[in-house]
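Novice: Taken in order, these protein sequences are the chains called D and H.
Read in order, the letters of the first sequence correspond to residues 1 to 270 in the working numbering.
Read in order, the letters of the second sequence correspond to residues 1 to 157 in the working numbering.
Once the Cα atoms are required to be at most 35 Å apart in a straight line, the calculated DSBU-like pairs of lysine-lysine come out as:
(1) Lys94/H - Lys123/H
(2) Lys53/H - Lys94/H
(3) Lys53/H - Lys148/H
(4) Lys53/H - Lys27/H
(5) Lys27/H - Lys86/D
(6) Lys53/H - Lys86/D
(7) Lys130/H - Lys53/H
(8) Lys94/H - Lys130/H
(9) Lys76/H - Lys59/H
(10) Lys139/H - Lys94/H
(11) Lys86/D - Lys139/H
(12) Lys86/D - Lys59/H
Treat the hints as calculated values from the structure; they're not laboratory data.
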Amino acid sequence: MHADVLAGLAQGLRRLGSTVTGGVSKLGYASRFLLAVLWHSPQAFRRIQLTLREIYFAGVLSLVIILMSGMFVGMVLSLQGYETLKRYGADEQLGILVALALVRELGPVIAGLLFASRAGSAITAEIGLMKTTEQLTAMEMMAVDPLARVIAPRFWGGVISLPLLAALFSAFGIFGGYVVGVRLIGIDDGAFWGQMQAGVDFWPDVTNGIIKSVVFAVAVSLIAVFEGYDSKPTAEGVSTATTRTVVISSLAILALDFVMTVFMFRGAGT
Amino acid sequence: MSRSAIDLWVGIFVAIGLGAIVFLALKVGNLLTLDNAPGYRLEARFDNIGGLKLRAPVKAAGVVVGRVESVRLDPKTYEAVVSLRIDREFQFTKDTIASINTSGLLGEVYIGLDAGGDVALLKDGERIAKTQSAMVVEKLISQFLFDKAAEGGGQKK
Chain D
1 MHADVLAGLA QGLRRLGSTV TGGVSKLGYA SRFLLAVLWH SPQAFRRIQL TLREIYFAGV
61 LSLVIILMSG MFVGMVLSLQ GYETLKRYGA DEQLGILVAL ALVRELGPVI AGLLFASRAG
121 SAITAEIGLM KTTEQLTAME MMAVDPLARV IAPRFWGGVI SLPLLAALFS AFGIFGGYVV
181 GVRLIGIDDG AFWGQMQAGV DFWPDVTNGI IKSVVFAVAV SLIAVFEGYD SKPTAEGVST
241 ATTRTVVISS LAILALDFVM TVFMFRGAGT
Chain H
1 MSRSAIDLWV GIFVAIGLGA IVFLALKVGN LLTLDNAPGY RLEARFDNIG GLKLRAPVKA
61 AGVVVGRVES VRLDPKTYEA VVSLRIDREF QFTKDTIASI NTSGLLGEVY IGLDAGGDVA
121 LLKDGERIAK TQSAMVVEKL ISQFLFDKAA EGGGQKK
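From just these sequences and the hints, can you work out the full model?
Specialist: Structure (structure tokens):
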């Protein structure tokens with residue numbers, strides 16, 4: 001009886017220990033992997049066509065979902081913001097509310113989440129399948145480094161695409177907010193843009209949004225290529241890796257966003 | 001998909017992406033309009049600037065004519081020295097009064113300029129002599145209460 005309890009306890013502890021060490025060593029592997037990708041990047045840039053192709057798949061093909069979501073988010077923000085601001089007679093401040101929310105937070109974060117599910121999962125599945133069908137091994141046999149030929153172009157394709165997509169998301173969101181606020185609700189056109197321009201500054205607000213989107217781009221792209229490269233070479237392994245990409249990238253985006261917001265906007269005044 | 005078609009689409013994508021950043025900078029963030037417009041500097045000293053912040057607007061008759069560029073404290077006189085950057089197209093007379101106002105009850109704090117009738121104009125770097133400090137609501141309330149108390153005391157006698 002006692003032996004059973006002790007054995008159960010020991011097994012539980014062993015499992016906890018192996019989960020922790022497994023996680024930490026995976027983090028170490030991912031860091032080493034990032035350095036290897038960066039090391040092979042110049043080699044990949046010499047064949048820039050590969051990276052352009054990945055920008056096409058990750059960026060251009062994500063345009064529709066990003067632009068549509070941006071419009072709708074901006075429109076909803078405008079409607080909800082108006083309902084609240086109206087109570088204080090501050091409905092002309094709607095432009096500031098929509099622009100600041102999109103530029104500081106929603107643009108980078110939602111574009112990052114959509115990008116992780118739309119493009120990140122595709123990258124992981126593609127690399128995972130290449131690994132399963134032993135294409136990566138075949139490349140190594142032909143003295144082609146898969147890091148330079150397959151991984152680095154996909155990594156840089158994501159890093160370049162996401163900041164542009166986030167900026168487009170914010171721009172279309174503001175346009176959506178304009179359509180609802182000015183055309184539908186009837187806020188004064190000049191007040192909408194004027195208040196926005198008075199309340200949004202390029203240096204702290206817009207640039208911090210761009211910095212956020214660049215950080216998210218590096219995080220999502222790294223997680224996507226790493227999970228694909230690290231996946232088990234089976235059908236199940238690829239599907240697990242794809243799911244993990246979406247889950248880990250989403251958590252990483254939200255956690256990084258909190259950390260960066262603490263540093264960027266705390267104590268910055270109005 | 002052929003190589004040139006991919007190049008074209010990536011080119012379009014990067015162009016509109018950069019276009020969105022330029023839109024955010026110019027139309028939303030107002031990067032260039034007043035900052036780089038040619039302007040000149042005026043200085044004004046206040047006993048109390050209230051909630052005045054950097055880049056707060058400077059208005060004449062309600063029209064924005066410039067921005068607050070810097071705020072510092074004179075260590076000798078304990079006055080706030082506010083440096084204003086005014087658009088070059090607006091000139092103000094020597095007897096202009098600068099006052100710190102609030103738009104509405106909760107609105108932003110701005111500096112109002114009321115031009116006088118003098119013929120001579122303020123030049124770059126000159127100081128606005130006549131200023132009116134910010135109204136501090138707490139002081140107004142306490143003054144009002146003290147006045148009331150004093151009245152009450154007078155009636156008892």
